[in-house]
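S.K.: Once you know that position 366 of the sequence shown is 418 in the working numbering, the rest is easy, because the numbers rise by one and skip nothing.
Since the hints were made in silico from the structure, they are not lab data. Some clues are possibly wrong.
[Said to hold, decoys possible] Here are the simulated DSS-like pairs of lysine-lysine, each with C-alpha atoms no more than 27 Å apart in a straight line: (1) K180 <-> K442; (2) K172 <-> K182; (3) K392 <-> K357; (4) K182 <-> K439; (5) K439 <-> K379; (6) K242 <-> K182; (7) K242 <-> K413; (8) K364 <-> K175; (9) K364 <-> K442; (10) K439 <-> K172; (11) K413 <-> K91; (12) K413 <-> K439; (13) K182 <-> K413; (14) K182 <-> K91; (15) K379 <-> K357; (16) K372 <-> K172; (17) K379 <-> K442; (18) K132 <-> K180; (19) K357 <-> K372; (20) K180 <-> K439; (21) K286 <-> K357; (22) K241 <-> K413; (23) K242 <-> K180; (24) K372 <-> K175; (25) K91 <-> K288; (26) K360 <-> K392; (27) K413 <-> K175; (28) K372 <-> K241; (29) K439 <-> K392; (30) K241 <-> K442; (31) K182 <-> K442; (32) K439 <-> K360; (33) K392 <-> K442; (34) K357 <-> K439; (35) K360 <-> K286.
[Said to hold, decoys possible] Just the calculated beta-carbon pair ranges, DEER-fashion: (36) W179 <-> L218: 15 to 25 Å; (37) M183 <-> N381: 21 to 31 Å; (38) E351 <-> P267: 22 to 32 Å; (39) F274 <-> P408: 37 to 47 Å; (40) L218 <-> L144: 21 to 31 Å.
Glycine included, every Cβ here is placed at the ideal spot set by N, Cα and C.
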Amino acid sequence: MLETVHQLILHVVFILFTILLFQMVTSESDSGTKGFTLKFFLMNLAILVFTMIFPVVYSSGYVYDFKVIPVILAFIYGGKRMGFSTFTAMLLIGLFTNHVMTFLIVNYAIYGVLLIPLSKWYKRLAWKNKMLLISVFYLFIPVTRSLYLIQNNEVGQLPLVASSTLIIWITLILTIYLIENRLEQNRIKKELMKAEKFNIVSQLAASVAHEIRNPMTTVRGFMQLLQRETLTNKQKGFIDISIQELDHAQDVINQYLSLAKPQTEEYEVFSLTNTMNESVDVMSTYAVMNSIQINRNIENDLMIKGIKIEVKQVLLNLLKNAIEAVKENGEITAAANVHKDGRIMIVIQDNGVGMPLEQLKVLGRPYYSTKEKGTGLGLTVCYQIVKRMKGEIQVESEQGEGTTFRIFLPGNP
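All chains, full assembly: derive it from the sequences and hints.
M.R.: Put into structure tokens, the structure is as follows:
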């Protein structure tokens, strides 16, 4: 028994060493669910080869090893393709080792089918709940094995089942902790980099915005005076274009100032229902000019805590973007309701051109825009306002189908 436990602990050391080695050779771009590709598969393959070539075999022929760990990791972090690739590799290794192929195919095919929906829930949970979910799933395996042993009068194996279950479970939790800790570090690093970019933009805005705005206001005033003079239609057209470009530059400066100004106003409780209706009313004229219909589905008596003018700024910006993304005779939906988790959900949906995945990944960054004359600061301000309100923005988009913005804000103010 002690010798068996000693062999199991050697497996633990090898698995944890392989996980740490994998993290040493992977970069930030390899991290995340989408990034676990070849290196992640090679890590799982190394663990499978070691644990299946050197398993702990009980006297009656029952095999105890750690191959369940790479299978679980493959499905919950790598997705279906990675999971079934690892499953296939396990079967190939099983052909050349002392394993019963029928048990491998049946048992792990069932695990794979269960892990596919489980992985979707797993990604949405906090790390403590992730540990709990995977623990419940794994402990289902030794329970079924114990019942099988009792049914076949193999009660003598139960102490080994208990000890091996404890060791394998601890190893599984440690591996998940190491991976989640690495992902969290990368997430924090990205947040710090983003915060640094915001800080740079804020400093730039604070230093130059006011100095630029004053002469621009003067130039615009003289342009308007020139319009009163006797000019040709062509000359008036040139002045109109000049004023429009000055107004566009003024909008950009205002967006810079929105990033730079400190938060001084106190939050108040106000009606989101009224604010959304007001925002839709403001943008309706712009939508009609482009032959676009805005549909409303806004619940009554929705109340939130924040700064009304900032929330209105977010809504106007998203509605304007939606109108500009939709072709003529398109539709936009502005909706708001109480989500099932208790938060207030705002939805701005269009059936416009949509965006590819590459654009979604960088959406909201300063200076990134899909528009020809855009700066990207409008969405940057939106993300910053929602984040200050302890909210969240989720974006779904498909090219040719349209884009959906979902804003989640704390409810019950």
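S.K.: Failing hints, ascending?
M.R.: 5, 8, 15, 16, 17, 21, 24, 25, 28, 35, 37, 38
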